[in-house]
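Chemist: Below are the chains, spelled out letter by letter.
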Amino acid sequence: MQDKTILEVNHLSKKFGNTDVLKDIDGTVKSGEVICVIGPSGAGKSTFLRCLNLLEKPTSGEVNFEGTDLTSVDDKHLVNLRERMGMVFQSFNLFPNMTVIQNLKLAPMRVKHVSDEEAEKTGMHLLGLVGLQEKAHVYPSSLSGGQQQRVAIARALAMNPEVMLFDEPTSALDPEMVGEVLEVMQKLANEGMTMVVVTHEMGFAKEVADEVWFMADGYILEKGKPEDLFDHPQNDRAKDFIGKIIQNV
Amino acid sequence: MKKSVKTIIQIGLLLLALVTFTAWQTSNASEADNALQRVKQRGELIMVTSPDYPPYEFQVNKNGKSRIVGMDIDVAKKVAKDLHVKLVIKSMNFDSLLVAIQTGKADMAIGGINPTAARRQSVDFSKIYYSGGQSFLINSSDVNKYKSVKNLKGATIGAQTGTLQYGLAKKKIPNSTVKGMDKSTDLVLALKTHKIDALGIEKPSAEAYVKNDPSLKMISSGYHLDKNEVGAAIAFKKGSGSLVNAVNKSIDQIQKQHLTDQYLASAGKYMKVNTVNTSMWHYWTYFAKGVEYTILISVVATFFGVLIGVVLALMRFSKQKWLRGLAISYTEFIRGTPLMVQVMFVYFGIGVVINIPALISGMIAVSLNSGAYVAEIIRGGINSVAKGQTEAAESLGLSKGDMMRFVVLPQAFKNIWPALGNEFISLIKESSIVSIIGVTDLIYQLNIVRADTYRGVIPIFVAMVLYFIMTFALTRLLNHYEGKMKHAG
Ligand SMILES: Nc1ncnc2c1ncn2[C@@H]1O[C@H](COP(=O)(O)OP(=O)(O)OP(=O)(O)O)[C@@H](O)[C@H]1O
Ligand SMILES: [Mg+2]
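Chains C and U, in that order, give the protein sequences. Oh and the first sequence: position 43 is 43 in the UniProt record's numbering, straight run, nothing missing. Oh and the second sequence: position 64 is 64 in the UniProt record's numbering, straight run, nothing missing.
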């Protein structure tokens with residue numbers, strides 16, 4: 001089980017017009033693994049993550065998800081594969097026109113055709129997991145940032161995904177709320193969820209990540225176990241970058 | 001914008017131009033003269049007139065019913081009777097009368113029209129049925145200043161646009177400034193408020209005004225004119241010789257029996273009845289009818305405008321390039337041309353191919369116009385929904401349709417709703433333009449009341465208040481619902 005490859009990226013590259021944002025990226029994510037992606041702003045981290053579930057269409061290369069190359073499937077099929085990858089955004093992106101529980105129920109009911117009661121049951125269970133059951137019937141606008149992000153995680157989990165993608169889930173939060181979100185993510189990781197997390201939370205990366213990938217200028221310049229990469233980076237850019245974030249902490 | 005989309009837009013616009021051109025060509029194509037036969041077959045003689053020119057033609061309110069009366073109407077009645085057909089009267093701006101017969105909206109136009117050489121180039125005329133002569137109206141306070149036409153040198157003179165008086169004032173009064181307006185009622189008002197010094201007008205009309213308003217006086221024009229420039233004749237579409245000949249027989253009788261004297265006398269009687277009660281209450285049915293039509297047109301146009309708008313907006317988000325191009329061309333074209341021109345195009349232009357009644361034409365034109373604006377409102381509303389929302393929906397595996405239905409549209413609607421309300425409100429105001437093709441909306445009725453009562457300002461004020469009541473009530477109503485929607489979260 002631990003060795004089953006879920007996601008495999010080969011020679012992935014992405015251009016916006018004439019700018020190369022991702023250049024020949026390779027990587028493998030195995031079942032149950034937590035990968036943290038770090039790197040300076042503009043490195044292409046978000047673009048990379050969005051290429052994994054085809055929110056962004058790669059210019060060339062392959063994204064193999066459980067053996068299917070996502071870049072070659074048609075739109076309809078893509079929707080089916082996408083529902084098996086959850087995504088959590090920096091800006092939460094909850095649907096403001098629905099209550100918290102409606103946010104959680106929408107996709108299971110519309111995409112998986114789960115019954116109302118069942119969606120409600122799963123939804124409430126997941127809200128319990130992120131500690132927000134009592135907020136089920138309020139609108140997102142009345143929640144704090146940390147609470148909104150926890151709801152967003154629960155919403156992604158409601159589809160029972162095989163992989164969770166996180167794009168800087170805590171960087172839009174006030175410092176005092178970062179902890180509650182990381183705690184939920186850690187719990188997820190401990191339960192064996194496969195996760196790809198773009199983050200600058202070194203503490204989280206050190207404790208939870210199986211592997212850290214350092215990105216700069218559209219390349220993955222270094223991959224390694226967190227203790228190796230943070231304490232003894234080989235690449236000069238990585239050294240430089242890690243030195244800076246340690247100073248900032 | 002992508003290049004290919006641009007090309008499609010260009011092609012779209014070109015096609016439109018082509019269609020227009022073809023329509024125009026067909027309208028000019030000569031046909032065999034079956035004008036008389038057509039009228040007889042139909043059993044109806046359709047005349048068009050501009051009923052704001054007493055005593056030639058004007059509206060009266062008798063027993064709560066509005067009727068068009070006047071010398072010209074009596075002439076037309078006589079003609080219809082001699083042809084053994086029923087007379088149908090349509091009304092329209094003076095400017096549009098000749099266009100209306102050219103485009104087949106009516107068989108003949110009658111309205112104190114002088115058969116000048118220029119007009120003869122585009123329409124056929126009957127014999128002259130009445131020669132009134134030209135005169136000027138001036139303010140009574142100016143009688144000493146403007147004793148005769150010679151004193152008008154350098155004065156500001158008003159005349160109805162598109163009329164003979166307009167051209168004559170320009171040509172025959174040295175150094176004068178000539179101001180043109182659509183309605184003789186507006187001109188009289190301009191005169192009374194000293195915006196103009198004198199008003200060029202036909203003698204019988206001038207006499208009617210003087211009789212009804214002691215603050216006005218008439219002076220003779222002293223023009224030496226060709227009889228085609230003083231006489232009134234009936235206009236027909238070119239190539240209607242058979243009908244013209246038949247009508248001329250009636251005119252011969254009218255002249256022989258001096259029937260116009262009789263007609264003028266009875267018109268005068270109507271005018272007397274008419275001036276007894278000029279309070280606005282007396283005319284409330286006019287205003288009520290105007291409000292009714294204005295609301296009717298606005299409601300219908302809003303409904304179809306939203307339908308058209310939704311379709312256009314969907315086209316804009318379509319994957320098909322040509323659909324997008326078509327929607328863009330349409331929107332750009334409609335937004336780039338005045339509503340007034342669109343109204344006239346639907347009524348007169350499209351009317352060449354299929355004859356659409358004025359009210360329906362007005363509704364179509366206003367709906368088509370509103371559709372383009374509504375499309376932009378909807379598109380703007382949809383675009384205003386944050387990109388993160390669609391990405392979140394996509395990442396959850398929602399289909400495009402579900403994404404629109406559950407995520408995008410409910411949020412977009414919050415922005416769309418107030419803008420749609422504003423569109424509806426502005427339609428109430430803008431639809432007033434349909435009065436030019438004779439739809440009896442509030443503006444049209446307002447002009448009738450003004451012509452009828454010889455009171456220039458009060459009817460305007462009444463209409464203003466009525467428009468305000470309509471838009472204000474609607475604004476409050478919309479605000480109420482908007483507030484409710486906000487509470488719904
Ligand atoms: N839709 C787009 N069109 C054009 N350029 C884009 C687009 N999205 C991203 N880019 C560019 O691609 C590069 C990488 O962007 P990306 O958002 O992936 O960086 P990042 O590593 O996530 O940075 P940050 O830490 O600031 O989030 C940037 O130079 C950005 O300007
Ligand atoms: Mg980013």
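By construction, these hints were calculated from the structure, which means they are not laboratory data. Just so you know, even glycine gets a beta-carbon here, dropped at the ideal spot from N, CA and C. Check before you lean on any hint, since a few could be wrong.
So the derived list for chain U, only partly shown, Cβ under 10 Å to chain C, looks like this [said to hold, decoys possible]:
{"#": "1", "residue": "Gln389"}
{"#": "2", "residue": "Gly397"}
{"#": "3", "residue": "Pro410"}
{"#": "4", "residue": "Lys414"}
{"#": "5", "residue": "Trp417"}
{"#": "6", "residue": "Pro418"}
Chemist: If any of the earlier hints don't hold here, list their numbers in rising order.
Modeler: 5 and 6
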